[in-house]
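Just so we're aligned: 19 in my numbering is position 16 of the sequence shown, and the numbers increase by one with no gaps anywhere.
Worth double-checking, as some hints may not be accurate.
To be verified - Straight-line C-alpha distance at most 27 Å; calculated DSS-like pairs for lysine-lysine: (1) LYS145 x LYS324; (2) LYS60 x LYS324; (3) LYS301 x LYS145; (4) LYS301 x LYS354; (5) LYS60 x LYS301.
Simulated from the structure, these hints should not be mistaken for lab results.
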Amino acid sequence: MFEIGGARSGARRIGLRRSLAAMTLLGLSGGAAHAQSSVTLYGSLDGGLRNVVNGTKAGGAALTMASNGVYKSNRWGFLGIEDLGGGYYVRFNLEAGYILSTGANSSTTNQLFQRTSTVGVGGPFGQVNIGHQFTLQHRLIKDFEPFDLHYLGITEAAAISGGTNGRDDNAIHYHGDFGPWTARAVYAPGGVAGSLASGTMLAGGVNYHTRLFRFGAGYTHRSNPFSATSSAYFANNQYTAGGAVTLGPVDLMGGYSLATQAVPSTVHGETRNQYLWGGFRYHATSVFNVTGAYYDDKNTTAGVDGRKGVAILGINYVLSKSTELYADIDYTHFTGGYVTNATLNPSGHDKQTGVSFGMNHFF
4 MFEIGGARSG ARRIGLRRSL AAMTLLGLSG GAAHAQSSVT LYGSLDGGLR
54 NVVNGTKAGG AALTMASNGV YKSNRWGFLG IEDLGGGYYV RFNLEAGYIL
104 STGANSSTTN QLFQRTSTVG VGGPFGQVNI GHQFTLQHRL IKDFEPFDLH
154 YLGITEAAAI SGGTNGRDDN AIHYHGDFGP WTARAVYAPG GVAGSLASGT
204 MLAGGVNYHT RLFRFGAGYT HRSNPFSATS SAYFANNQYT AGGAVTLGPV
254 DLMGGYSLAT QAVPSTVHGE TRNQYLWGGF RYHATSVFNV TGAYYDDKNT
304 TAGVDGRKGV AILGINYVLS KSTELYADID YTHFTGGYVT NATLNPSGHD
354 KQTGVSFGMN HFF
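When you get a sec, could you build the whole thing from the sequences and use the hints?
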């Protein structure tokens, strides 16, 4: 079974013979005479409104159109697969984000395929993908993240995923499925002259999943350079584990992650981010689901403690195989240094309550 990243099971596949694939926009070329190729065009459109009490510095409610998606980020992409025969294949994945209300590219750095840009090969041994892609942490926690990586602008799942916007550049990612086990390993070269360590990333992890039980654990080490030309670096380590159990129509899940970042000797101690989370999914009917979760982030930076707690309850109603309605209510509480952290808490208020609702369509 191919791992197709952002492509949903409801994607409409554009099956092409090799001779036709060569004429596509992406110029997919053929190999051996027996090979067949396919290209999938997929995407997600999320239109919703969100109101946050204490969402502005003045303390008023802030009603916005979440044009980049409340429930799921807006994206479109191509997934291409060439069958080499004997169970082997070559694949590529290009995925871009956009702002629904304006149609603009959602990238702040003018990258077209800022969400995913990979090419790889797969077979009985597993799959290897090379390029800009999701972190190992992102894939690892999916088995035990209560909201299945939805509502990323509200929950702490994006922060737990780590990396640059939950993705790594220059990454070589391996995953292999062996019965109920999935093995993962990632390496990213640093590209810093004179140093094989600075700027590099190494990660490994496993997932175990059956119909009733799921578990995962992983480790990521980053050597973040002082600068683009420096061989010196800060050491960053992240340890993550979690699990889930299915009891009839209810899934219970939770996890723990600790990220530590070394700091210069002129600063006291190290930066520590500890994440704890737990929640449930209740499959009330085949078309109606209820999900609830609590996320706790405890941070220590330069001897100053900060904490962020997020409680969220969401519902989903499935209209069709490709369209669903969603709504949530959430409460966020900042304490300590997090109250005045302008990046995490632009409004500066320690307590905020949000309500969101909208529609998501994928193809």
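Structure-based check of each hint:
Distance check on the hinted pair: LYS145 and LYS324 sit about 21 Å apart at the alpha-carbon level, within 27 Å; holds. Distance hint between LYS60 and LYS324 is unfulfilled; the C-alpha atoms sit about 41 Å from each other, more than 27 Å. For the suggested pair LYS301 and LYS145, the alpha carbons sit about 21 Å apart, so the restraint of at most 27 Å is met. For the hint linking LYS301 to LYS354, the alpha-carbon distance of about 16 Å falls within 27 Å, and the restraint holds.
For the proposed pair LYS60 and LYS301, the alpha carbon gap of about 24 Å is at most 27 Å, so the pair holds.
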